[in-house]
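Peer 1: So you can see what is in the structure, the chains are spelled out below.
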Amino acid sequence: MFQIRIHGRGGQGVVSASELLSVAAFSEGKYSQSFPSFGSERMGAPVQAFARISDSAITIREPVMEPDMLIIQDPTLFNAINVFDGARTEGYLLINSSRTPEQLGIEDMTSTYPKNHVVTLPATELALKYIKQPKPNTVLLGAFAALSHMVNIPALEEAIRGKFPKKIAQANIAATIAGYNLTLKIIQQAQGS
Amino acid sequence: MLHQMSGSIAVAKAIALCRPDVIPCYPITPQTHIVEHLSVLVKSGQLENCSYENVESEFASMSFCIGASATGARTYTATASQGLLYMMEAVYNASGLGLPIVMTLGNRAIGAPINIWNDHSDAMSVRDAGWIQLFVESNQQAVDVHIQAFKLAEALSLPVMVNMDGFILTHAITRVDLPDPEQVDQFLPPFVARQKLDTQSPLSIGAMVGPDAFTEVRYLAHHKQKEALAMIEQQAEEFSDIFGRDSGGLVKSYFADDADIILVAMGSVIGTMQDLVNDLRDEGYSVGILSLRSFRPFPANAICNALKNASQVIVFEKSFAVGMGGILASEIHMATQRYVGENLKIKSVIGGLGGRTITKKSLRKLVDNASKGELDDEVFMDLDGGTVIRELNRQQEDQSSGPIAENILRDIGVVSASKTH
Amino acid sequence: MTRKAQSAADEQTVKFYQTGTFTVGNRLLDEEFRTVQATQERSNSIDSGHRACQGCGQALGARYALDTAMRVTDNQIIAANATGCLEVFTTPYPETAWSIPWIHSLFGNVASVASGIAATLKAKGDTTTRVIAQGGDGGTTDIGFACLSGMFDRNDDVLFICYDNGGYMNTGVQRSSATPGGARTSTTMPVGDHPGSSFTTGKYLPAIAMAHEIPYVATASVHDLHDLERKIEKAMTFRGARYIQIDVPCPLGWGSEPSQTIKLARLGVQSGLVPLFEAEYGELSNSTKIRYQVPVEEYLQLQRRFAHVLKPANVDQLETIRALAEKNIKRYRLL
Numbered sequence: 000m001f002q003i004r005i006h007g008r009g010g011q012g013v014v015s016a017s018e019l020l021s022v023a024a025f026s027e028g029k030y031s032q033s034f035p036s037f038g039s040e041r042m043g044a045p046v047q048a049f050a051r052i053s054d055s056a057i058t059i060r061e062p063v064m065e066p067d068m069l070i071i072q073d074p075t076l077f078n079a080i081n082v083f084d085g086a087r088t089e090g091y092l093l094i095n096s097s098r099t100p101e102q103l104g105i106e107d108m109t110s111t112y113p114k115n116h117v118v119t120l121p122a123t124e125l126a127l128k129y130i131k132q133p134k135p136n137t138v139l140l141g142a143f144a145a146l147s148h149m150v151n152i153p154a155l156e157e158a159i160r161g162k163f164p165k166k167i168a169q170a171n172i173a174a175t176i177a178g179y180n181l182t183l184k185i186i187q188q189a190q191g192s
Numbered sequence: 000m001l002h003q004m005s006g007s008i009a010v011a012k013a014i015a016l017c018r019p020d021v022i023p024c025y026p027i028t029p030q031t032h033i034v035e036h037l038s039v040l041v042k043s044g045q046l047e048n049c050s051y052e053n054v055e056s057e058f059a060s061m062s063f064c065i066g067a068s069a070t071g072a073r074t075y076t077a078t079a080s081q082g083l084l085y086m087m088e089a090v091y092n093a094s095g096l097g098l099p100i101v102m103t104l105g106n107r108a109i110g111a112p113i114n115i116w117n118d119h120s121d122a123m124s125v126r127d128a129g130w131i132q133l134f135v136e137s138n139q140q141a142v143d144v145h146i147q148a149f150k151l152a153e154a155l156s157l158p159v160m161v162n163m164d165g166f167i168l169t170h171a172i173t174r175v176d177l178p179d180p181e182q183v184d185q186f187l188p189p190f191v192a193r194q195k196l197d198t199q200s201p202l203s204i205g206a207m208v209g210p211d212a213f214t215e216v217r218y219l220a221h222h223k224q225k226e227a228l229a230m231i232e233q234q235a236e237e238f239s240d241i242f243g244r245d246s247g248g249l250v251k252s253y254f255a256d257d258a259d260i261i262l263v264a265m266g267s268v269i270g271t272m273q274d275l276v277n278d279l280r281d282e283g284y285s286v287g288i289l290s291l292r293s294f295r296p297f298p299a300n301a302i303c304n305a306l307k308n309a310s311q312v313i314v315f316e317k318s319f320a321v322g323m324g325g326i327l328a329s330e331i332h333m334a335t336q337r338y339v340g341e342n343l344k345i346k347s348v349i350g351g352l353g354g355r356t357i358t359k360k361s362l363r364k365l366v367d368n369a370s371k372g373e374l375d376d377e378v379f380m381d382l383d384g385g386t387v388i389r390e391l392n393r394q395q396e397d398q399s400s401g402p403i404a405e406n407i408l409r410d411i412g413v414v415s416a417s418k419t420h
Numbered sequence: 000m001t002r003k004a005q006s007a008a009d010e011q012t013v014k015f016y017q018t019g020t021f022t023v024g025n026r027l028l029d030e031e032f033r034t035v036q037a038t039q040e041r042s043n044s045i046d047s048g049h050r051a052c053q054g055c056g057q058a059l060g061a062r063y064a065l066d067t068a069m070r071v072t073d074n075q076i077i078a079a080n081a082t083g084c085l086e087v088f089t090t091p092y093p094e095t096a097w098s099i100p101w102i103h104s105l106f107g108n109v110a111s112v113a114s115g116i117a118a119t120l121k122a123k124g125d126t127t128t129r130v131i132a133q134g135g136d137g138g139t140t141d142i143g144f145a146c147l148s149g150m151f152d153r154n155d156d157v158l159f160i161c162y163d164n165g166g167y168m169n170t171g172v173q174r175s176s177a178t179p180g181g182a183r184t185s186t187t188m189p190v191g192d193h194p195g196s197s198f199t200t201g202k203y204l205p206a207i208a209m210a211h212e213i214p215y216v217a218t219a220s221v222h223d224l225h226d227l228e229r230k231i232e233k234a235m236t237f238r239g240a241r242y243i244q245i246d247v248p249c250p251l252g253w254g255s256e257p258s259q260t261i262k263l264a265r266l267g268v269q270s271g272l273v274p275l276f277e278a279e280y281g282e283l284s285n286s287t288k289i290r291y292q293v294p295v296e297e298y299l300q301l302q303r304r305f306a307h308v309l310k311p312a313n314v315d316q317l318e319t320i321r322a323l324a325e326k327n328i329k330r331y332r333l334l
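Chains as they are written, first to last, in numbering that gives the first Met the number 0: chain A, 0 to 192; chain B, 0 to 420; chain C, 0 to 334.
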């Protein structure tokens, strides 16, 4: 079972991201589950969403305490809450930021991860380019696919088309593919160095 | 057909498949997405010949259901917690009048203090009201049991409440197999009211019954719920024949047959327990689970059969009777006392109150303690002892009326925002 | 200027351009014209740190209403609050933004709870402490309707303030009986030909309050906070049941920009859709004339909840809304 925890702020599409992820995994024939940290949230408040992907039926209901993949949609959260709580260090880390872990001041955490398991990418900038909104979630889903190989792009496309009206879906798909390609490039460059 | 969707949407679609005639709604967290989706289904024509109304309170919505059902409509509504309490008088009224209303209860804690998260206090608050109360473990079961609920309600002429854990099930997105309309039509025929308000054959509903007849009427209501025991099992079998799934029924055992320690619970926590028990059994523990799917009627015989060979039963519940203790535990106790006697130890564990996360880790500790014979008779799982003891000590020294929640803050020394004028 | 202000001014050009106007918060006005927020001794009955959304009209209206009530009662008020946005965003346990005695009981009973408080004060011979009950439109026009009518009937000495944002916003924007016809909410989605919320006869609580012939009824808006203050002050001069309804835009529920809350409130008034008036003992006593009437479209187009109404195919819905504005203008003598 692959467990994902997504951190962000209300309004950034954190819950949608985990939902799309689970729908994509489903369309690939896998079992998946997604749910948010429930609460009376408002725009800007820290939110979390959880997702699980597995080849067999998932029965567990507790929040993801030991994520295999940690996605940070908003780097300002590093100062707000302990996003790394329970993160499995053999796992993956995906951060929406144009800065490096060193610049973000989190290299203590990221240095414990295996090589090429940590990716930071400017997802908000890509989102602004493709969907004209500062919502990094679909870009990060593409990045997720490239980093973890737990879902593929066609599945994500299908999930996005199922959720949004045509034009918005197309824009989000473009954003997802951009996130995917950029992440592949980042990983390749890191491997080359 | 298989889909990946939220529990709320799945339930709304299941209700639509049952061809309800009248749906009055009032929103309350965590049921909002169910009623919202139903309004879209009706407006878009996907649910035809159905009257959907936004009413002004839960008392109004249950009263609306009463009027509709009495006129021969298949009717449905949903609520939770505070909303259930607000309609309480109508809830008792509906069952007393024998109206086959189906209602989803998105289980949520009852205040004060106000709390929007999941527990079973709302379900427990109406356990004596005469409704059938069923619990579902998953979103798939939610879909299936709602369909069974209409058939059950109409066969018995009794209202049925389907309990679905708020947020944990309503807001979780999982795989569900939505039945075909043909399958549902095959299982659930149109509603034919036993008696209804009809100018062709007028009757009076709701007369005052005095001491001379009240006891018999109430006894027959009790008897009817006992009849329901057999019908619930029978319908679950019928359902399985048509839809190919095991959903509903009275109880479900997961490795309880030969287990020394049995966990008993209702609702979504069963899923987490299953995960844990798989691990524990691999490690050699003799442990199993009994999931109660029907709470009212209370399946005493089925429970006894399942528990009689165990040495310890850990009854886990998200509810308790203030001043008394575990509700489910005391009912299990009463049922098993009659048949099993003193050899069976019943432990009452209260957890998950107000949405407190139930973890495998904490559940495992219960089983560990039980296997060492060290589990207390009554346990509040994951209780913050420090806060409690401090508050109790403070109470010794200083009398203070008012709400407990606010008193705890005084004890912690929180400085209030108020300025002294 | 202090040194701190000087360096701040060096970093950033600050324009002082409102001197002498009646702009809210202006401390350079004569005291009698200053709003309560312009005094340093204001009570801050709702203090900062609450969790309201950006641009929340209710937070603004509530702050002004309560601080005004505090000023005129010399800080002697007790408030009861219905379940809803205001209650939720001001009291995230273990914090509270309230610096006044405050109680939240249930959703539908705030009028009765407030009546109980008022009765106790009366029984104890306390004539200085005053009582305010407050809730949103859901808790007032729907689930709280019966209790409110009872409070009116008994003429309990309570000022009831309804913050009207036209829906159950806290639970996810569902329709209430105060939702304007045509508006999209999550339980009144515009699907196909169907309008959003249907155009019913409507439950206009200020008129219903007037029908109870209570001492004072008023409507107010967060775009004119001087007017809101004046009405709160006026209300507190009466004893008995009083009702004030404040139009409070909700950016989330209305689909509007948080920065446009005040503008929207103003447009609502200027279009005639939000009439501002006062009534005493069931008779209209004063109405605020519309200075520059605007077509309803100007108001609707800033709110995504009315996006479908502005489509050419739905011109009949737009007409219905225009007709409503005209009716208000006539009935409440707004022009």
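By construction, these hints were calculated from the structure, which means they are not laboratory data.
Note that the structure is a prediction, hence the values are computed from the model and not measured.
C-beta atoms are modelled at their ideal positions from N, C-alpha and C, and glycine is treated no differently.
Each hint should be verified, as a subset may be incorrect.
Unchecked claim - In silico DSSO-like links for lysine-lysine, alpha-carbon gap of 27 Å or less:
{"hint": "1", "chain 1": "A", "residue 1": "165", "chain 2": "C", "residue 2": "233"}
{"hint": "2", "chain 1": "A", "residue 1": "162", "chain 2": "C", "residue 2": "262"}
{"hint": "3", "chain 1": "B", "residue 1": "344", "chain 2": "B", "residue 2": "360"}
{"hint": "4", "chain 1": "B", "residue 1": "42", "chain 2": "C", "residue 2": "202"}
{"hint": "5", "chain 1": "B", "residue 1": "42", "chain 2": "A", "residue 2": "162"}
{"hint": "6", "chain 1": "A", "residue 1": "131", "chain 2": "C", "residue 2": "202"}
{"hint": "7", "chain 1": "C", "residue 1": "262", "chain 2": "A", "residue 2": "131"}
{"hint": "8", "chain 1": "B", "residue 1": "42", "chain 2": "A", "residue 2": "165"}
{"hint": "9", "chain 1": "A", "residue 1": "131", "chain 2": "A", "residue 2": "184"}
{"hint": "10", "chain 1": "A", "residue 1": "165", "chain 2": "A", "residue 2": "131"}
{"hint": "11", "chain 1": "C", "residue 1": "310", "chain 2": "C", "residue 2": "288"}
{"hint": "12", "chain 1": "B", "residue 1": "42", "chain 2": "C", "residue 2": "233"}
{"hint": "13", "chain 1": "B", "residue 1": "195", "chain 2": "A", "residue 2": "166"}
{"hint": "14", "chain 1": "B", "residue 1": "225", "chain 2": "B", "residue 2": "195"}
What the hints assert, rightly or not - Far from chain A, some chain C residues (derived; all Cβ distances over 12 Å):
{"hint": "15", "residue": "30"}
{"hint": "16", "residue": "36"}
{"hint": "17", "residue": "169"}
{"hint": "18", "residue": "318"}
To be verified - If you anchor each label on the Cβ, the simulated ranges turn out as follows:
{"hint": "19", "chain 1": "B", "residue 1": "71", "chain 2": "C", "residue 2": "94", "range": "25 to 33 Å"}
{"hint": "20", "chain 1": "C", "residue 1": "300", "chain 2": "A", "residue 2": "128", "range": "57 to 65 Å"}
{"hint": "21", "chain 1": "B", "residue 1": "281", "chain 2": "C", "residue 2": "258", "range": "53 to 61 Å"}
{"hint": "22", "chain 1": "B", "residue 1": "329", "chain 2": "C", "residue 2": "206", "range": "24 to 32 Å"}
{"hint": "23", "chain 1": "C", "residue 1": "206", "chain 2": "B", "residue 2": "236", "range": "44 to 52 Å"}
{"hint": "24", "chain 1": "B", "residue 1": "204", "chain 2": "C", "residue 2": "232", "range": "48 to 56 Å"}
{"hint": "25", "chain 1": "C", "residue 1": "192", "chain 2": "B", "residue 2": "201", "range": "54 to 62 Å"}
{"hint": "26", "chain 1": "B", "residue 1": "43", "chain 2": "C", "residue 2": "94", "range": "40 to 48 Å"}
Peer 1: None of the hints should be skipped; say for each whether it holds.
Peer 2: Now for the hints, and whether the structure bears them out:
no., hint, result
1, A:165 <-> C:233, "54 Å, violated"
2, A:162 <-> C:262, "33 Å, violated"
3, B:344 <-> B:360, "23 Å, holds"
4, B:42 <-> C:202, "23 Å, holds"
5, B:42 <-> A:162, "19 Å, holds"
6, A:131 <-> C:202, "40 Å, violated"
7, C:262 <-> A:131, "25 Å, holds"
8, B:42 <-> A:165, "22 Å, holds"
9, A:131 <-> A:184, "23 Å, holds"
10, A:165 <-> A:131, "15 Å, holds"
11, C:310 <-> C:288, "30 Å, violated"
12, B:42 <-> C:233, "46 Å, violated"
13, B:195 <-> A:166, "51 Å, violated"
14, B:225 <-> B:195, "25 Å, holds"
15, 30, "37 Å, holds"
16, 36, "23 Å, holds"
17, 169, "7 Å, violated"
18, 318, "28 Å, holds"
19, B:71 <-> C:94: 25 to 33 Å, "52 Å, violated"
20, C:300 <-> A:128: 57 to 65 Å, "28 Å, violated"
21, B:281 <-> C:258: 53 to 61 Å, "58 Å, holds"
22, B:329 <-> C:206: 24 to 32 Å, "53 Å, violated"
23, C:206 <-> B:236: 44 to 52 Å, "58 Å, violated"
24, B:204 <-> C:232: 48 to 56 Å, "54 Å, holds"
25, C:192 <-> B:201: 54 to 62 Å, "39 Å, violated"
26, B:43 <-> C:94: 40 to 48 Å, "43 Å, holds"
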